Every structure is written in structure tokens, then in C-alpha cells.
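Asker: Chain B: place on chain A using the hints.
The listed protein sequences derive, respectively, from chains A and B.
No gaps in the numbering here: position 116 of the first sequence is 116 in the numbering used here, and each next residue is one more.
The numbering used here runs 1000 ahead of the 1-based position in the second sequence.
Hints were generated in silico from the structure; no laboratory data involved.
A quick note: this is a predicted structure, and the numbers were derived from the prediction, not measured.
Each residue gets a CB set at the ideal place from its N, CA and C atoms; glycine is no exception.
Quick list of simulated restraints, FRET-style, between CB atoms: (1) Arg1137/B x Asn122/A: 39 to 45 Å; (2) Met1029/B x Ala117/A: 23 to 29 Å; (3) Ala223/A x Gln1162/B: 25 to 31 Å; (4) Ala65/A x Arg1150/B: 42 to 48 Å.
Coverage of chain B stretches by chain A, computed from C-beta distances (three or more under 8 Å per stretch; other residues unrestricted): (5) 1082-1088; (6) 1235-1245.
There are 2 protein chains.
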Amino acid sequence: MHPFDTATLLESLPDGSFRGHTSPAYANMIGPFGGAVAACLLQAPMRHSARLGEPIALTVNFAAALADGEFRIHARVLRTNRSTQHWAMELSQGGEVAASATAVFAQRRETWSAPEAAPPANLPAADTLMRSPLIGRPAWTHRYDMRFARGGMPDAFDEQQQLDSVSQVWVRDEPPRALDFIALAALCDSFFPRIFVRRRKIAPIGTVSLTTYFHADAAMLQAQDGRHVLGAARALNFRNGYFDQSAEVWSDDWQLLASSHQIVYYRE
Amino acid sequence: MHPFDTATLLESLPDGSFRGHTSPAYANMIGPFGGAVAACLLQAPMRHSARLGEPIALTVNFAAALADGEFRIHARVLRTNRSTQHWAMELSQGGEVAASATAVFAQRRETWSAPEAAPPANLPAADTLMRSPLIGRPAWTHRYDMRFARGGMPDAFDEQQQLDSVSQVWVRDEPPRALDFIALAALCDSFFPRIFVRRRKIAPIGTVSLTTYFHADAAMLQAQDGRHVLGAARALNFRNGYFDQSAEVWSDDWQLLASSHQIVYYRE
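So that you can see chain A by itself, here it is in the shape it has in the complex:
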């Protein structure tokens, strides 16, 4: 079993909720990698018998650092329409809410379609770039093969402030795993904190709220299989304890798979 599938394994309980367990393979500095938490929160409606369609939008609010161990997810259908379905999820530990989420699912139909944003141009191929070093980094980073063309995690935190926090990175699960919605939901949170790239200074940070829009359907994700996708991330603003991040994830044939936004707490 792939470690990501172990980390996102949910057991159905008689009351309709799910039981999951944090995975050492996706451990972060404190508690689990937020992307794995987001994936579990999406997994609950994905696995629910009432679910219709594919995910379009996912928002996860991280209310507390998860403790290592068991958690419960309760997923409720708020409304089912002709082509969309609205969900609310809560993840709790010891009876306290640790994360909440909402998701919208939809049955897509073929319509006029057009890209507007373009993927980063003139990017070196993934296999010509070095894999991002792992020494001294938390376990979850070992579960991704990341090859930065620009804006990688600084080698040294020398406090040399950069002009921007833009990252461009080829990334896939490690070991490779066929891409699906839950893996994409997790991968959208795999970009290193923008403030580390910008300031080259370590400070306590934590994602507060994460929203991902899925532009791809299941067939597009299946076609991407386990190959590297292209990620691009940047911040708009850092101000009094909170900065944002916007990221896009492109297939290796340059189709937008997901766009993802988050707001992150920081100190100092």
C-alpha cells in the first residue's frame, strides 16, 4: 500500500462518521502535514455513499495542530442539487474540533472551454533538475519528489530578503502514485511557506485556511498518472501575522489541474 493511501485511510463507523489515524510518514514539525489533513477531509465525502459527482472546491480551516494518533471526521450533505452537492466536514480529536472543511461536488458537462493563465515558460525538464534535499526536513517532505526550477527551500537561512517568493517546481508523490483528487488536494499544500522563500529566515508559521479549486476531472488526473506535475506558487502580501499564497498545479501537457489559495499565520 502506498504511504499516502495509509495516511488517508478512513474507517466507516456505525454512526456514519469516519475514523482516521495520523501517519508518521507524513509527519510535519508539529503534528501531521496539512496536505494530508486536507486529503483526509476530502476523502470523507469521496468515500461517503451519498456522494454525487467530482470535487470542484475544497476549503479546509485548520483550527488546531493535530496530535499524533486517531481522529474522527464527520461529513454531512448540506444540499444536493441537480448537478452540484454541498458538504460540510469536521475533524475532531478528543471531542474538540481540530479542522473544519467544506466541499462542493459537481457533475460536469462538456462546454466551451478555454485556458487563460499560462504555465511558467522555458522550464527545464524535471529530470534535468536536482531533487530538493531532505536532510533535516520533516518526514512529509520525503513523500514528495520536488525539483525546483526557482524558489526552492533556502539552503541557508541567511536572512537575505528576496524580491519575491515565487516558486516553480516539478513535484510528484514519492514513491510515484497515480494522481487522483485526494493526492492533488494534498499536493496543493506541498509548497514551502512563502515567507521562508522571501525572508530566508525561519519563523513559526501555520496554515489557517486553504481553498483548492479542481479544474481537472478524474480522466485528466488519470492521464497524468504518477509523473511530475508543475507547481507555481507566490504570495501577494505579508502583513501583521498573516500572509497569503496562491498556487497553480499544471499537468505535464500544460493543462491546469488545480488552483489553490491559502492564508498562513506567522510570528515575528
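Answerer: Chain B in isolation, oriented as in the chain A frame:
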């Protein structure tokens, strides 16, 4: 009383929920303007006696077109931390959920701060631009003074597809009203649908999910008062029934007040 304050007036009910009423002044083609709904959903925790801090993030999922008339909002604190508070809200009509939302509030502290994105450059001043015409447009558009430097609502839906959907617009409440969080939450949804700008073709559309990050605190909004703010909006992708929009709202002294993202259903 300003029409926006009428539209976002909530009455506290004995069970802790709120009663609101759609306002003809903010009517859209079908039901109320989504921005007014988002503002009401933020207003509930803002007015709640348990609320601590100022809003950082707001996500609204529109589950159904609201009917004109009364609605209920139920707002729950999910978790209160040392400096953040997590909320979940549900708006219902006739016992059915019409919209759900989550919000994160925070007590901000002064930290290292820096902009990264820049506002649109070389923009003509608001008073040198024409106000966007209102004839034949829904009531809510009359409640904003919008002056487009680029990417306004097309004069003619001639189906001449444009290269992009970028808009740059000076916008304020009409009549002017001092900016606050709820007005900013509404204004973030005031950009016309990107697909109209891009395709110059009318089609049925509806915002499915809207997320706004507040970069400003109350003092910055107060300083902006009732003057035009600068909005910039664009889409990344239009695909099989859903397109996204990202927008930034800047003060007239070029500080980022909010960034806002949405995913929108469209037909054809």
C-alpha cells in the same frame, strides 16, 4: 440608513440565530447579489457576542439561489484559540440550507510586513473615468459606482472572444459608505463574471464558492473611508462548466486590502 446596512441588518433571535431579509436594492437577476449574501454571512459572527478579533478569511458556498424574503443564519464557534477563532455559518430558507460559510477571526499583532504583488500601474484616476452604465442592469449594480479602466461589462454581447478577462476598476458603494469588513466582503464579489468579459456572450452563471482573505485591519478600512478602492480581477481557466476568478482590492494609497477567489458555474 445606507441601503447596504438595510440589506445586511440581522435581528438576533432568542435561540442565538439571526433573522435577515433580502433587499430589493441588492437584487440580482435571480435572488439577491451574492456579495450581499456573503456580507450577511460575515455579519452574523461580527455581531455575535462570542466573537473575538477581526476577520482573516471568509469562505461562502452558495448552495441555492435565495428566494426574495426572509432567511435565517445560524453561526457557531467551532474553536477559540489564543489568537484565532473559527466559525461555521449556515443560511437557510424554509428549513433548507441555501448557503454555508466558514470564517476565521484573529487578533493581529504587529510583525515584519511587506507587500509582494503590486497594484495595476499607470491607472487613470477614478474621476477621469466614466461610471459604468446601469441601464438594463440588475439593482445591485446601481449600489456601486464602478469606473473601469479595463475589462468592463461589454457594451455589446457580440461574441467577439477576447484574449483575456482582466478587469481593472475603481469601485465604491453608491451612495458612498465608510468601508468596513462586511462592505469589503460584498465588494469582493462585485466584479462582473469573467466569462462575460472574455466571451462577450451572455450565458447562465452562478458563483458556487467564494473565498476572501482580509489583509487589512479595521484601521486601514476606516482610513479608506468612502473613497473608491481599486479592484483587479482575472480568470485562470474556463473548463466544462466551471471557471475561476481571482481578484485583489487595493486602497487608494496602494495597500492590499483583500484578495478574493471564486469558482463559478456556467452553462454552454
